[in-house]
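S.K.: Between the sequences and the hints, there should be enough to build the whole structure, so can you do that?
There are 2 protein chains.
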Amino acid sequence: MDITFVTGNKKKVSELNRILDTDFAHTALDLPEIQSLDLEEVVQAKAKAAYAKLGTPVVVEDTSLTFNALGKLPGTFIKFFAQELDYDGLCQLLEGKEDRSAVVRACIALYDGTDMHVFAGECNGTIAYTPHEGEGFGFDCIFIPEGYGKTWSEMDNDVKDSMSHRARALQKFAAYLETV
Amino acid sequence: MDITFVTGNKKKVSELNRILDTDFAHTALDLPEIQSLDLEEVVQAKAKAAYAKLGTPVVVEDTSLTFNALGKLPGTFIKFFAQELDYDGLCQLLEGKEDRSAVVRACIALYDGTDMHVFAGECNGTIAYTPHEGEGFGFDCIFIPEGYGKTWSEMDNDVKDSMSHRARALQKFAAYLETV
Numbered sequence: 004m005d006i007t008f009v010t011g012n013k014k015k016v017s018e019l020n021r022i023l024d025t026d027f028a029h030t031a032l033d034l035p036e037i038q039s040l041d042l043e044e045v046v047q048a049k050a051k052a053a054y055a056k057l058g059t060p061v062v063v064e065d066t067s068l069t070f071n072a073l074g075k076l077p078g079t080f081i082k083f084f085a086q087e088l089d090y091d092g093l094c095q096l097l098e099g100k101e102d103r104s105a106v107v108r109a110c111i112a113l114y115d116g117t118d119m120h121v122f123a124g125e126c127n128g129t130i131a132y133t134p135h136e137g138e139g140f141g142f143d144c145i146f147i148p149e150g151y152g153k154t155w156s157e158m159d160n161d162v163k164d165s166m167s168h169r170a171r172a173l174q175k176f177a178a179y180l181e182t183v
Numbered sequence: 004m005d006i007t008f009v010t011g012n013k014k015k016v017s018e019l020n021r022i023l024d025t026d027f028a029h030t031a032l033d034l035p036e037i038q039s040l041d042l043e044e045v046v047q048a049k050a051k052a053a054y055a056k057l058g059t060p061v062v063v064e065d066t067s068l069t070f071n072a073l074g075k076l077p078g079t080f081i082k083f084f085a086q087e088l089d090y091d092g093l094c095q096l097l098e099g100k101e102d103r104s105a106v107v108r109a110c111i112a113l114y115d116g117t118d119m120h121v122f123a124g125e126c127n128g129t130i131a132y133t134p135h136e137g138e139g140f141g142f143d144c145i146f147i148p149e150g151y152g153k154t155w156s157e158m159d160n161d162v163k164d165s166m167s168h169r170a171r172a173l174q175k176f177a178a179y180l181e182t183v
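Same order as they appear, the protein sequences are chains B and H. Each residue of the first sequence is one higher than the last, beginning at 4 in our numbering. Each residue of the second sequence is one higher than the last, beginning at 4 in our numbering.
Incorrect hints may appear among the rest.
No copy labels: a pair is met if it fits in one copy or bridges any two.
Said to hold, decoys possible - Calculated lysine-lysine pairs in the DSS-like style (CA-CA distance at most 27 Å, straight line):
hint, residue 1, residue 2
1, K75, K100
2, K15, K153
3, K51, K82
Because the hints were derived from the structure by calculation, they are not lab data.
M.R.: Here it is, written out as structure tokens:
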């Protein structure tokens with residue numbers, strides 16, 4: 004199957020091709036996302052919109068970061084939270100809260116115009132008090148995975164890939180690809 | 004012009020008909036909203052989606068509540084913030100912040116399949132430390148308009164209507180309706 008990975012984020016492309024050891028084509032499309040805190044719903048709508056523009060099988064991915072003290076927020080809106088508050092401000096949202104636990108989720112949707120397949124992965128952790136320097140992208144600098152004393156931005160790629168939400172979703176995706 | 008007000012919120016219908024002294028038909032449609040902090044963009048997309056379903060001139064309205072200390076948040080996502088945090092939790096988002104100022108905006112879009120008209124209104128104020136009891140709906144219980152010592156939920160309708168974001172947008176809408 005000739006699949007195009009639709010994303011504007013080149014770091015996601017390298018992460019996907021690194022983890023799956025593939026060389027997927029990718030393209031950036033300006034796709035409107037729907038306003039919902041349900042990650043699976045958001046990613047399915049995005050896959051349909053991408054297919055409507057390209058007309059060939061597409062893969063899209065989306066991520067949410069939920070602070071348990073804030074219900075389902077920031078959740079699927081994490082991009083907007085980061086843009087408005089920066090990572091410092093995100094950490095401060097939990098100021099005075101005892102519960103700094105968080106869940107990162109990734110959903111990958113594969114859509115060929117007929118069948119929709121969704122592969123999900125998640126990882127539990129806590130939110131740092133302030134951003135930590137390092138590699139990675141997005142909220143890697145504030146997310147401390149369960150069982151570790153440092154953020155994803157401070158870890159080597161292979162350590163992050165052994166547990167990350169996206170790696171877990173990609174493993175399911177890879178397993179599926181082997182069956183078709 | 005035969006216009007349908009599309010909203011699932013009956014309190015918005017009564018407010019609109021009370022302020023404009025009209026008797027607009029209304030209908031509830033389940034419309035997907037786009038994920039954007041730009042209120043005008045959200046409301047225009049909603050008007051197009053409503054028109055696509057009904058095929059007759061539509062009016063839609065949407066509101067945002069911005070806490071100045073949080074960039075453009077909660078903004079257009081206020082419904083989700085209220086759902087996840089309740090009004091207590093919304094007040095707590097500003098815990099420890101000196102700046103409790105906020106802006107409420109309303110955007111009304113009229114779309115007939117060809118022309119789009121958008122009418123906007125806003126009102127400045129501050130966010131209470133805790134929700135106040137009273138009438139009104141939505142975030143009326145936590146929004147204290149500039150120059151007043153109480154929330155909209157504690158005011159009579161005619162006082163609120165003299166300054167509210169929605170009333171200001173509706174006045175522009177009413178003025179336009181007189182010209183067509």
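S.K.: If a hint holds in the structure, say so; if it doesn't, say that too.
M.R.: These are the hints, each one checked on the structure:
1. For a Cα distance limit of 27 Å, the shortest separation of K75 from K100 qualifies both inside one copy, at 16 Å, and across copies, at 23 Å.
2. In this assembly of identical chains, the alpha carbons of K15 and K153 lie at most 27 Å apart only when taken from the same copy (22 Å versus 48 Å across copies).
3. Taking the shortest Cα distances, K51 and K82 sit within 27 Å of each other both inside one copy (21 Å) and across copies (25 Å).
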